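Using the sequences provided together with the hints, build the complete structure.
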Amino acid sequence: MKNLILLIPLLPFLGFLINGLGRKYLSKTLIGIIGSGVILGSFAISVYAFLNLGKFTGEKVISSSARILGNPVLHYYDFIKVGALRIPFAFQIDQLSTLFLLIITGVGFLIHLYSTAYMHEEKQDHFGRYFAYLNLFVFSMLLLVMGANFVIMFIGWEGVGLCSYLLIGYWFKNVDYTKAAKKAFVMNRIGDLGFLLAVFWLIAKLGSVDYSYVLTPGVIDRLSTGDIVGITLLLFLGATGKSAQIPLYTWLPDAMAGPTPVSALIHAATMVTAGIYMIARSNLLFSAAPLTLNVIAIIGVATAFLAATIALRQNDIKKVLAYSTVSQLGYMFLALGTGAYVAAVFHVMTHAFFKALLFLGSGSVIHAVGGQQDIRYMGGLRKKLPVTYTTFLIGCLAIAGIAPFAGFFSKDAILLSAFASNKVLYAVGLLTAAMTAFYMFRLLFITFGGSFRGTEEQAHHIHESPAAMTIPLIILAVLSIVGGFVGIPELFMHGGEKLADYLSPVVASKEIQVEHSTEWILVILTTVIAVVAIIIAWMRYRSYREERKTPLARALENKWYVDEIYDAIIVKPLNKLGAFVNTVIERGTIDALVNGVGKAVNYGGRQMRWLQSGQVGNYVLLMVISMVLLFVLQFFLRK
Amino acid sequence: MDIKYYIFLSIALFVIGIVGVLTRRNAIIIFMCIELMLNSVNLLLVAFSKMHHLANAATSATAGSEGQLFVFFIMVVAAAEVSVGLAIIVMLFRNTHSVDVNFLNRLKH
Chain X
696 MKNLILLIPL
706 LPFLGFLING
716 LGRKYLSKTL
726 IGIIGSGVIL
736 GSFAISVYAF
746 LNLGKFTGEK
756 VISSSARILG
766 NPVLHYYDFI
776 KVGALRIPFA
786 FQIDQLSTLF
796 LLIITGVGFL
806 IHLYSTAYMH
816 EEKQDHFGRY
826 FAYLNLFVFS
836 MLLLVMGANF
846 VIMFIGWEGV
856 GLCSYLLIGY
866 WFKNVDYTKA
876 AKKAFVMNRI
886 GDLGFLLAVF
896 WLIAKLGSVD
906 YSYVLTPGVI
916 DRLSTGDIVG
926 ITLLLFLGAT
936 GKSAQIPLYT
946 WLPDAMAGPT
956 PVSALIHAAT
966 MVTAGIYMIA
976 RSNLLFSAAP
986 LTLNVIAIIG
996 VATAFLAATI
1006 ALRQNDIKKV
1016 LAYSTVSQLG
1026 YMFLALGTGA
1036 YVAAVFHVMT
1046 HAFFKALLFL
1056 GSGSVIHAVG
1066 GQQDIRYMGG
1076 LRKKLPVTYT
1086 TFLIGCLAIA
1096 GIAPFAGFFS
1106 KDAILLSAFA
1116 SNKVLYAVGL
1126 LTAAMTAFYM
1136 FRLLFITFGG
1146 SFRGTEEQAH
1156 HIHESPAAMT
1166 IPLIILAVLS
1176 IVGGFVGIPE
1186 LFMHGGEKLA
1196 DYLSPVVASK
1206 EIQVEHSTEW
1216 ILVILTTVIA
1226 VVAIIIAWMR
1236 YRSYREERKT
1246 PLARALENKW
1256 YVDEIYDAII
1266 VKPLNKLGAF
1276 VNTVIERGTI
1286 DALVNGVGKA
1296 VNYGGRQMRW
1306 LQSGQVGNYV
1316 LLMVISMVLL
1326 FVLQFFLRK
Chain H
186 MDIKYYIFLS
196 IALFVIGIVG
206 VLTRRNAIII
216 FMCIELMLNS
226 VNLLLVAFSK
236 MHHLANAATS
246 ATAGSEGQLF
256 VFFIMVVAAA
266 EVSVGLAIIV
276 MLFRNTHSVD
286 VNFLNRLKH
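Read top to bottom, the protein sequences are chains X and H.
For the first sequence, position 613 (counting from the first letter as 1) is numbered 1308 according to this note's numbering, and the numbering increases by one without interruption.
For the second sequence, position 86 (counting from the first letter as 1) is numbered 271 according to this note's numbering, and the numbering increases by one without interruption.
Read the hints as simulated data drawn from the structure, not as lab findings.
As the structure is a prediction and not an experimental result, all values here were calculated from the model.
Careful, some of the hints might be misleading.
[Claimed, not checked] Only part of the chain X face toward chain H is listed, based on derived beta-carbon distances under 10 Å: (1) S1308; (2) G1309; (3) Q1310; (4) V1311; (5) G1312; (6) V1315; (7) L1316; (8) V1319.
In this text, a Cβ means the ideal position worked out from N, Cα and C, and glycines have one as well.
Here you go:
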């Protein structure tokens, strides 16, 4: 069993090696089969692990706590051993990590499959490079969720950041794309620094980073309040970088520079959920720091709201989805911040289904219209792309939170938790839900409704995507419909909340004290608001008209000028500082000093050369003069 | 005889030596001038030695003998120096067919 589990991350890594090294020699078909096959293999093992989760008990358990007791920590070898500090290379296969394993490998496989068709026009070795990166990404993500301590998680954490950089800059000949890649990398690094500091802090205070040791009530009690708040805030800083929250969210919309399946895999379904996974994993630690939870809830809801407003007026199909992703991630953090960890994980799952579906759908659209991403030049695609349209519609309904699609249940759980903790958070969340429904259906109507607005040539070119692309769409659409039922609340079905029960050994679930009647009102309110938003969108956008350019609209279209503000207050001053250091300190002081020494010696040497004339007379004269001087010194000065 | 006459004579000889070394270009003459300087020092040493001996003869039979010892040292060293120096001059003459020291700057070429 232990070795089988090891294969889960190892298979994608093998795929990475084969595709990466053999990209020049393997045919595209073979690369596609290897790339997708290894993920399918991981998925199969993950399913096996999921079904046999009970059998893991009996493995060696390091912790003495009752909570985690019985959970398997698969210890492979000691990764770092310095003094008293021992960091094992170990995997933790429990309810939370298997759930993520299923999402990552399952959705990941569908996206790999989709990519074989989507990327087919790439050159052979680029095709191989693409799949190698994709496999490496899955490997890193699997390490991230399987690791049994923060250090192993950090390896994966960095790995996904790297792969994100590589894949965003996949078309590296385009300068803008490489800039977007750099931006994502740097933004991520800022967050990673927070994560790293938190890990150091843990080591300094507790001398261990194992979940099974650190994340137990007895151990957490040994930390002072200041320590807990500091550690959790730093961890949260890491999460804001990886999961694109204020203030580090701006990389995600730019990350749309990568190929569309990459956006689906990395920037919607898996990597960006790493922050949520990390916080859900250390939920005991976070629950001990109410201050941090408040910060998380506020940042989460603010991000959800801000991103939703920006998404209202974006014209790039992928940008709308990107901001919608940021917004949905904000929802998940709202859930985490209000203590509803299960709801957050639930939303991660449903979001992985419908956002991957929407991204892949948008990829299918882009594929059909020959690379056009601006929705103003689309329209009327409903008839020509029936499968894409239907699945996209399902995705939109799911994200808008229309019953009984997946997003309805998870979003409802989050809003309920927000309602129970703070009415302001709830109100903003509800408003965001309305905007979500509005901008998603705006996107849907502009893209698929009306008549085609592109060029003749494009209109002629439009065709439904091949089966390798539509099959993942259909599977994801089905999952988006039924995926919500695993977390169906008690309200609708007796014996619901299956997901919470399943996760209860790892993730604390919050008892929400709300009357059933109140709950009904909330559910109906959410649905009505979403439906109203959809109707407004339908009335406005069922036939395409140019949008008016009010100042507000322009601000939204320019993303509230956040990028410009960052540019002005951070990038430009940093550049100035860099230029200053370069000219004044580097060249003016250090270089001048070093070069000055050289020049002085050189100059001195050139002057002294005249003394070495080779004329014996000169030498003797100098000698005599020197001796006379010495005598003078001796007799007249040194008294 | 008063010691100052010896000192004046020595200074005179030494200065003649210096001026000779500085002004003349013939290596042999420079050499001789160096010898002159050495010997002027020798003369001075012997004179001081004698004076010292006369002043301290009552307490020590060997007073002032160090000066004479120095003189012998200088003579030995000077002899060694002459042998090396003359060899150099011979080689100089073989190479330049002259004993003019100003030609020595050709060594750097």
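Evaluation of the provided hints:
| no. | hint | result |
| --- | --- | --- |
| 1 | S1308 | holds, 7 Å |
| 2 | G1309 | holds, 3 Å |
| 3 | Q1310 | holds, 5 Å |
| 4 | V1311 | holds, 4 Å |
| 5 | G1312 | holds, 7 Å |
| 6 | V1315 | holds, 6 Å |
| 7 | L1316 | holds, 6 Å |
| 8 | V1319 | holds, 6 Å |
Violated hints: none; the structure is consistent with every hint.
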